[in-house]
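We have chain A; now place chain B with the ligand onto it with these hints.
Residues per chain are reported as follows:
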Amino acid sequence: MTRNVVPDSNTLVLGIETSCDETAAALVMGGNDVVSTVVSSQIEVHADFGGVVPEIASRAHLQALNPVIARTIVEAGVDESRIDAVACTYGPGLIGALLVGVSAAKALALAWDVPFVGVNHLEAHLYSAFLEDPSLEFPLVVLLVSGGHTMLVEMQGHGRYRLLGQTIDDAAGEAFDKVARFLGLGYPGGPALDREAMNGDPDFVRFPRAMSDDPSNLDFSFSGLKTAVVNYCRKHPDVGTADIAASFQMAVVDVLVAKTRRAAQRIGATGIVLGGGVAANSLLREELLGACASDGIRGFLPSRAMCTDNAAMIAATGWYRLKSDGPTPLDVGAFPNLRLPLVDA
Amino acid sequence: MLILGIETATQQVGVAVGGHEGVIATFEVARGRRHAEILTPAIEFTLKQADIELAEISCIAVDVGPGLFTGMRVGLAAAKALAQALRIPMIGISSLDLLAFPCRHTDRVVVPVIDARKGEVFWSMYRQVPGGLQQVAAPTVGPVDDLVADLLARSQDVLCVGDGAERYRDEILDGYRCEISGPAYPPVGALVQLAHARALREEYLRPGEIEPVYLRAPDAQINWSVREERP
Ligand SMILES: [Zn+2]
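Chains as they are written, first to last, in the working numbering: chain A, 1 to 345; chain B, 346 to 576.
Only chain A is shown next, with the shape it has when bound in the complex (with noise of 0.2 Å):
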């Protein structure tokens, strides 16, 4: 039987994620003291595809899983024997890529004798911000934007979620990847897109606001400006990949914004969260922290490397849940789509 842990400042949790193309550890204290971090990306396996290839990324967190755990533990400065509990990422993600995390973890857990903590990766990008500013006051609204998910969440106390509004089709994320690799920009495609954008001009075309005539509606659609984006560069040829990336830009966040504002004045939030790799992009930090601005609300933005996928965020969620639920049982798998637990109201 394993240990019985009763979280606490002083009680740390060892965080590992491994549900896409990132192999990550991290040492985190009381739910929020990053202890270290370490984050291997797997970027240049899958570059060649244009996409995460499921089995590339499962053969390389196998690979590199047991050298990122080793390094988050030296460059943390402790002693194995002080981790008192092991958290991983259990879903949603690839389901061979999130079974070599919670293989591996259950191990470790059993190992050590201490509790194991499945996580579920989504929450804990909402859980990314506290990291940061354990101040952050509820309700929230935690606008989450990634190469999976797009989704307006309202975070009315720590595990409690309501879902304000969601992507219809694709996520914003595929949307970059998408549309970058159509204009020849590279992959990943969100970073290679904000690159060349700054170079263009954002009002150079008005691109389609999917889904904005209805204030009361927060989903969010974003094939139709993929589509547009494709159709417009067929009719001019000779228009620069730096407007149509500004222009295609400027069109995403201006939805996510007015959406987001929105969902933060309906539910009288008193700030707005960023999460997700799409958090990264520097069109979104900017304009989103404008319009927190001129509405006297708090605009919490995690650092770049708190918004893309990390294992601190994972230690950190780990730590919450392991206060309310307790230990996960070790009979547990992997949840290739599990979902944000949600309240009714």
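Hints were generated in silico from the structure; no laboratory data involved. Just so it is clear, CB atoms sit at the ideal spot from N, CA and C, and this is done for glycine as well. Don't take every hint at face value.
Unchecked claim - Ranges between beta-carbon positions, derived for each pair:
id, chain 1, residue 1, chain 2, residue 2, range
1, B, GLY367, A, GLY186, 56 to 64 Å
2, A, GLY77, B, VAL481, 49 to 57 Å
3, A, GLY77, B, GLU554, 22 to 30 Å
4, B, ARG449, A, VAL45, 54 to 62 Å
5, B, ARG432, A, ASP48, 34 to 42 Å
6, B, ALA375, A, ASP113, 27 to 35 Å
7, B, GLN479, A, SER324, 54 to 62 Å
8, A, SER223, B, ARG376, 35 to 43 Å
Stated by the list, open to error - Among the chain A residues that face chain B by a calculated CB cut under 10 Å, a handful are:
id, residue
9, ILE95
10, VAL102
11, SER103
12, LYS106
Structure of chain B with the ligand alone, referenced to chain A:
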């Protein structure tokens, strides 16, 4: 010396513990697809029944494949993590070696065959030598027809074992006269026995040196089809 063996390369999850006194306890469940759920509790259970603490284990042995990729990785990830956390060495053994091992007393050629899905099988060949078996053909993956052709080319008495041999029994027997029997899945007791022999020779590896045997390049398929949209 006590060795903990972990085997998840096929439909089966296997855990065994043993050492100088032989295999002390084994656990085998062949229900497929739930390797990650079963493995950790199976390790706890096996050790508990054998009255052995994890801290007493001095080496982790693991089946490195070939086999089903996702299942294989569950065992490899767990085995490597255990070795890392307990600061003990590892020994990796091929799933084909494990399948052949119980047939070591026959004078026929032993051909372990593992189902590789998609109409293909993994196989290799072994013959008896003093003190055990010697691999006489390197591990291969290919269609069942290739296996039959390989068998025909040798024209020796053959014993085929493994879930691949069972699944393609008709195809194999149709092309070649041989016997199909023996274990369907890599026996985890054999993992501890074979690892023990290597441990005596101190043929240890660090977790980072354990290499999975895939034999097949990854399927480079991505999740969305955007390629055709490019003009
Ligand atoms: Zn993510």
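Any of the earlier hints contradicted here, and which numbers? 4
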